[in-house]
Amino acid sequence: MTMKILVPVKRVVDANVRVRIGSAGGVDTAGLKMSLNPFDECAVEQALRLREAGVASSVTVLTCGRPVCQDVLRTALAMGADNAVLIDTANASPDSLGIARLLHAFITADTDTDTDAYGLVLCGKQAIDDDIGGVAAMLAALLGWPQALNASAMEAAARGWLVTCGDDAGTATWRLDGPAVVSADLRLAEPRRVTLPSIVKAKQKPLRTVDASTFNVPLGTQIRIVDMAEPPVRQPGIKVADTTALLGAIGSGRLFQNVGA
Amino acid sequence: MTMRSLVVGEWKDGAIADATLRVIRAVSERGVPVDVLTFSSVMANAAVCVDGVERVLLASDDVPNPETLAAFLQHIASDYSMIAASHRTAGRAALPRAAALTGNAFLADITRVVTAQRFVRGLYAGSVVATIESTGATLFATIRTSSFAPACATGGEASIVALEPIAPFTATVLIDRQAAMQDGSDLASASVVVAGGRGLASKENMDTLGTLARNMGAALGASRAAVDAGYAPNAAQVGQTGKTVAPDIYLAFGISGAIQHLAGMKDSQIIVAVNKDPDAPIFSVADYGIVGDLFDVLGELDAHARATGDAQ
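Respectively, the protein sequence lines represent chains A and B. Each residue of the first sequence is one higher than the one before, counting from 66 in the working numbering. Each residue of the second sequence is one higher than the one before, counting from 34 in the working numbering.
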């Protein structure tokens, strides 16, 4: 018995770009380099490794957004994903729960008996734009599946998965029985490089667009951003010549406040 | 709408966790009654003494897995307009799950409470500060503990309410928990943090930095680059995807200062950077910078710390 893996991904401002508040009071993303969310890239890589190990039959990548988001799906297809789905949300901007509801609706509607069922949803632990990290646990809740967040290692187990997750003080290893939702830390799997032939090949792979409204789920309007600002800039400090000067500037009483405590 | 707040309590070293006291302080700024959820009678008896707590809910005699905790919260959510926990592993796993079970929104890492329904949090690794209004029945949210002072652990006179047990979620089983070897004090609550980056160049050198941290009574932190290179454990990582700290003094050794790292430490009161590259971005946020060999500074500080310790 094998399974399909679903990897939900997000198109975000590239990690190396510094965003600014535009004149309209929001983040001005026009002209900025956009990328596949780095954590999602690790999730795609781990999914591909599970398929290559024979655990899964196929890897589907999915994103919710406007048609422009197809570029990150093509990136994932070039990495090796088998097919892609864009859930077109048009002008809506769903919150985490809205995204989880769309994913849930997609998974439960996908009852094609000719193929395997989804046995794993693997996604990044957070998107680097909104930094919330809510979708994985929300989707697991809606599916009634076990969850493991911030995974740094995982393997298939007899009845499900063994997942090692970053914890406050170290790591914790969980056994998840049955289909599960796992979110990836950057350490889960280093993404492979995309080669030119694979980019060309990716253009031929199936990419399906589904209108979000066909799922008839509320996309979430319970939270609303009322103001965005850039944080106060730290005043530039001074350079000091050496350790002695540093001790003089801070005061050794303050620097060594805990010595012997 | 029921205007009450619930804090999911944590227990650490035989007391209500400092992180929980800070969450209690944060949600009390909403100006509505605060309840605390506890997982043992010992914990409940400690929670009733916390200043500003009205009711202590006693859930079970064992800390549940995130899925079971979420089911607990689902059960009692309609009594609350906000359910909060510290921005740590347990809350980050259980709260969004409970939010979805009850059809509510989830927000992570709140840094300021403006009103009962308005909160501030960072976007884009803290490059943007957003004020967010919640209009749902119950908001689920994790709180950045370094942004709030702790509530007083004494002076309260709360009552204890025992909750009905619920069926545990059994498809998730904890197999093993491994604490990373840790030098110095607890990173999240330390008043002095000594952190190392890729400039440390080896695990041995990071261990030497750990010795300095121990001798200073400081906590050891690390950049992601240093963690990825295997110099320091994951739990030591400071930054966008690691821990957020705001100590009195943050000493950064050989850390270049990527925005993702700055997100985790730029609210420190005093930042000291030691780096051989005068153009390292860390110097743009450092109050005091030393351009030079970090090993010289490390050794000299260690000698001073030992001398201070011996003099006491």
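Because the hints were derived from the structure by calculation, they are not lab data. For every residue, glycine included, the Cβ atom is placed at its ideal position computed from N, Cα and C. Worth double-checking, as some hints may not be accurate.
[Unchecked claim] Quick partial rundown of chain B residues pointing at chain A, CB under 8 Å, derived from the structure:
1. G155
2. I165
3. T241
4. G263
5. A268
6. V324
The hints, checked one at a time:
Here the hint on G155/B is kept, as its CB sits about 7 Å from the closest CB of chain A, short of 8 Å. This hint holds: I165/B has a C-beta 6 Å from the nearest C-beta of chain A, less than the 8 Å allowed. With 8 Å as the threshold, the beta carbon of T241/B stays out of range of chain A, its nearest partner Cβ sitting at about 15 Å, so the hint is violated. With a cut of 8 Å, the hint placing G263/B at the interface with chain A is violated, because the nearest CB-to-CB distance is about 11 Å.
For A268/B, the interface hint holds, the least distance from its beta-carbon to any beta-carbon of chain A being 5 Å, beneath 8 Å. At its closest, the beta carbon of V324/B sits 6 Å from a beta carbon of chain A; the interface hint therefore holds under the 8 Å criterion.
Checked against the numbered hints above, the structure violates hints 3 and 4; every other hint is satisfied.
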